[in-house]
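Chemist: This is what each chain is made of:
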Amino acid sequence: MIALDCEDCFATWRDQARRLLGHGIDPAEVTWGQGPMDDLLAVPAPLPEGDGPFRARIPAALLAQLEQASRYRGEQRWNLLYEVLWRVAHGDRTAMLAGERLGSELHRRIKQVSREAHHLHAFVRFVPLPEALAETLQLDLIAWHEPAHDILDSASGHFAERLGRQRWLIATPRDGIRYDGKALDYQRNCPPQWQDWARNAEDPGAELWLTYYRNIFNPARLNPDALRQHLPGRFWRNLPEGPLIPQLVGQARHGKQRDGQALEVGMQRGKQVAKTAGQMAAELSAQRLAKTPAAG
Amino acid sequence: MQLIAKLGILADAAKYDASCASSGAPKRSSRGRDGLGATDGMGICHSYTPDGRCVSLLKVLLTNFCLYDCQYCVNRRSSNVPRARFTPEEVVRLTLDFYRRNCISGLFLSSGIIRSADYTMEQLIRVARLLREEHNFRGYIHLKTIPDADPLLIEEAGRLADRLSVNIELPTDASLKLLAPEKQASTIRQAMGVIYQGQQAVANEPRAPRFTPAGQSTQVIVGADATDDSTLLRNAESLYQGFGLKRVYYSAFSPIPDSPGSVPLAAPPLLREHRLYQADFLLRGYGYKAGELLGEVGNLALDIDPKLAWALANREVFPLDVNRAEPALLARIPGIGLRSVQRLVALRRERRIRYDDLIQLRCVLDKARPFIVTSDYRPAQAELRSGLLRARLREPQAPVQMGLWG
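For the record, the sequence lines run as chains A and B. Anchor point for the first sequence: position 171 equals 171 in our numbering, and the numbering is continuous, going up by one each time. Anchor point for the second sequence: position 210 equals 210 in our numbering, and the numbering is continuous, going up by one each time.
Pulled out of the complex, with its shape left as it was, chain B reads as follows (with noise of 0.2 Å):
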């Protein structure tokens, strides 16, 4: 098969993984030097396809062939997709083509599982070791991690990489029992505890050679079973917390080709995905709990952002001067993001801050206004009702995307 048809089903078949971020690999030069490929923690997207998503690496399974029979996935053993392997050689020559372009800031490789979860691991390993080592190639490296892959296995691929991952995909035992019966939670997040060991073994060792400077990831499937939102949210935190995980990468599940009865034939739930994103940024950055966003059950609302619905939940916090408030406390007002709270921290130094500041700074004051103080301004809904509230700051909803089979 020529390889401009296998990189067709290839990337065809890599496209369920959402994942594709090139930042926070160390900075990495090639100026004057033989090779190619530099890295300096900014992340580029090259282009955008037609769904909004970034292209930012090379996104390609090194083979579709796989053992595994996952409901949810389009390379399942039973699915009657078209196949094809690459050779590493040939995804090198892809990726360096790509590179010299300008298309690309670096490789991202996955694979289907074929003979056993080490051999695909080594195949994996082989192309990044080619990459560095005997293309001098400095660009950005994502590998795939094969759970029940040897440990010293994971250990190696972590020394070539910028960053590992492992993919949950489903959140719950009782998931993947039904879904993914040849996967399991225990091997999953024993990989991720390798990957974190790795990690930790080099933190304050400047000297040592760098194990995924750019971190591990993970992604977990929405839409696919019965998962609540708060069940993917905790799931999450304890990621952060037990593994040090960079990110969480939540896919909504898309119907995919040749669909088993399992998995829903529905349009992806974009918004819902859209909104575990948002409170999960609020995880990360705003210093939230997921037990202050969801309760132990349900779905975050569809109609409002998770932080203007915290606020709404919580309004004996409010409304907050602005010019006094401490800068945490600052950044959970809704339509404030944390660059306006650094600016405001700035201005506040200079001088008492003024509603019209907010609106230079572009703070969203719609969302704002009924929880702020300034000092020319007191919010005159203050006593309004929450609920009130929230029928005037809903947004409004696009009417449910309609398939053809709809």
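Next up, chain A with everything else stripped away, as it sits in the complex (with noise of 0.2 Å):
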């Protein structure tokens, strides 16, 4: 058995997987794991020297398709990329398609690590720091997010399309990636300072954005299953409307749900829009004309 550890690092993974196919070794014979191997009995063996005689060709969407089922957080995590490589490269393309056992954990993989990267475009909240503290920093904004999965470096450039020049920090527990308005840098261990900033980002103006949470709710459509359906618990702790969810169901179920009206507003004055002249006098000259008896 050859135990191998990439460090979750796909660029590693490549090269010692290339070098196994090229040995001929099959998935059976090899394991990635971390630390202490989890089979007793296996005996250790080095990864062997050199290329090896296999030739394999494999098609260029097969290795970004490995590359982005990588990123996923899991059991197995390098060992089912082998065997899929090593299968395609044998000339079993089935491996890789969606309708076959192993392809389809493989896809089931790359879709969330998609639905992961599409989370962290949705739901990072970047706090503005004031003035002084920008200059000091030399940052504008700043958000703590916990991904599930490593999607933090792929997915993060999205941000520098839509901020512009602004300087922007996004802290994870594990890793972290900042601009400074015209290049990125990714850190795999994320510095303790940054962490530390955004988890303790004061933010006075956070207010307007939670008004119009409470506001653009319905309660007379009200629908927590749906809303967890998209929104997953594990997020709510990191968005500032996480704990307006709780409070609005219960108002909601607690008599706001029979018209569609917030509570805040239901509270306040109203207040009718008086007509126009126009619409008064064309009220009026029709109500003449209704009197006034059809022509010939």
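FYI, nobody ran anything at the bench for these hints, they're computed from the structure. Where a beta carbon is used, it is the ideal one built from N, C-alpha and C, also for glycine. Treat each hint with caution, since some may be false.
Said to hold, decoys possible - Coverage of chain A stretches by chain B, computed from C-beta distances (three or more under 8 Å per stretch; other residues unrestricted):
| hint | segment |
| --- | --- |
| 1 | 164-178 |
| 2 | 223-231 |
| 3 | 239-245 |
| 4 | 266-272 |
| 5 | 275-285 |
Said to hold, decoys possible - As a list, the in silico DSS-like pairs of lysine-lysine whose alpha-carbon atoms are at most 27 Å apart:
| hint | chain 1 | residue 1 | chain 2 | residue 2 |
| --- | --- | --- | --- | --- |
| 6 | A | Lys291 | A | Lys275 |
| 7 | B | Lys183 | A | Lys275 |
| 8 | A | Lys291 | B | Lys177 |
| 9 | A | Lys271 | B | Lys177 |
| 10 | A | Lys111 | B | Lys27 |
| 11 | B | Lys183 | A | Lys291 |
Put the two chains together into one complex; each comes in its own frame, and the hints tell you how they fit.
Modeler: Structure follows, in structure tokens:
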């Protein structure tokens, strides 16, 4: 049994996999893991030297798929990729198609990864820093995010497109990324200082967004299951609107559901709009017309 | 009035418009440039409210003062709601603040009618112009179009916005006359025509300035009047064909505070709305005709989805051999979606498709089973009568939601 560690880095894994493939090593004879090997009976063997005699032709599309799937955090993270690679290299292309057992798992991981990238684009919330602090830290916007897969590096360019010359930083429990208005700086291990800034940013201007969120909600259409399906609970604690969710659900269940209006708007004084002079004149002439007997 | 108080009122007033899409805009980027905002065709839902609806755009009214008296509308002239009006600069400030925070991907701005249709339209355009020209905002902008506004104003709006929409609200003249006396079906369609012509004028001109690149949409209210689903779907079909609309939105009528007697107080018909969206998707994505889904009059079934309903009514087409049938026909099998069709076609180039493959593709086999043949499966239920099949496949009906008044 060959035991390898690629430090969750795709480039390292790819080099290891290429060499294994060249020497015709079966997926059953290799395992990737961290720390002590799971299989106590296995005797660790080293990675063979050199490229090996077998030259496999790998479709470019497969490499892209493997790289995307490699961002998935979970059991058999690297072993599965080698199994797919090995089977396709030996002529079985169904291993990379969604209709097959192995391919189905590969595509499930790809889907989870791209979903998590989408979650980053959707649910990151930046806090604008006050001017003086922005000058000191050389940062305009700062965010804390907890992704479930390793997507920060590949998916954060999105914010450079959106935010122009703004300087921003996203810190996570593992990695972090910073943009100075010109270039991205990705850190595999997030500097503790970045985490500190992101977790403790004060936000005096948050109330506008919360007001919007409360008031755009239609209590007559209450459907918390649909919310949970699209906005998984694990994101709530890092969203400013997270604490409002149970509160608004409660209000709707206790009476607000009877119509669409927000509670705080309903408590304010209403005002009818007067008709314009033009509208009144038009109505008057319509009434007169109705009274006049039709000619001829 | 403070900005935050206005925001509360004008967001509350805007929630009855169902659309919040931010997809379909061309590729724009602010990387390394002054200004803010990007689009790449994909929409982003930045949050969800407890009604399960997506928050993608800042959706507000410029003002909820309104001269019209549409009975179904919370902002109608005679409604006793608090009123407010933003300045264009205030809307700009809110849009940019929410955008920087990554709470939204753009703005959806609508308005009550004040002074005149033209004046109101000018105010909406002014906000879009400030965003695009003063602040180099490259995010998504959707502007509501006022039907009676001057065509030149509508064209100007179309050059600034990614999407324009004119709301039909009620699809028949009779209903409009009854519930929205100041509105006319003819001017609504004229405005749609102006937008469509603007799109056609630049359709094959890659260098021409863009005109509503994310298309136009509209909304109809479901359940405020007696209009049936057949009328709604045929109307949608004619809009897709006649004006190249991107989307028709269906908005289940929510009871409004201080409701006039002319509109219902019942809970919004959410399941009916859901079935209409399913049927609408069959028109846009699957090539069904409205006439295939419903006869001249009537409503969609609530207990089964419209694709299953069509399959049950057309049993002679089935069972279909998944290894042979044309992709367009595969897409008509209940429980098999467009994406699964693509994947099945890719897989059957490599080898024969087995029943187990459909499980791996996560097709909804409970629905598909009676309608398919694979290399190792034939439905035992092929002979089963549609009525019995339907009884097996119908979705359990949730108890009708009881309001406190119920």
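Chemist: Run every hint past the structure and note whether it holds.
Modeler: A quick look at each hint next to the structure:
1. 164-178: holds (count 3)
2. 223-231: holds (count 8)
3. 239-245: The restraint on the segment 239-245 of chain A holds, since 3 of its residues have a Cβ under 8 Å from chain B and three suffice.
4. 266-272: The restraint on the segment 266-272 of chain A holds, since 6 of its residues have a Cβ under 8 Å from chain B and three suffice.
5. 275-285: Holds, because 3 residues of the segment 275-285 of chain A bring their Cβ atoms closer than 8 Å to Cβ atoms of chain B.
6. A:Lys291 / A:Lys275: The hint holds at about 22 Å.
7. B:Lys183 / A:Lys275: holds, 16 Å
8. A:Lys291 / B:Lys177: At roughly 21 Å apart (the allowed maximum being 27 Å), lysine 177 of chain B and lysine 291 of chain A satisfy the hint.
9. A:Lys271 / B:Lys177: Given that 27 Å is the threshold and the Cα spacing comes to 25 Å, the pair holds.
10. A:Lys111 / B:Lys27: holds, 23 Å
11. B:Lys183 / A:Lys291: The given pair, whose Cα atoms are some 24 Å apart, holds under the 27 Å limit.
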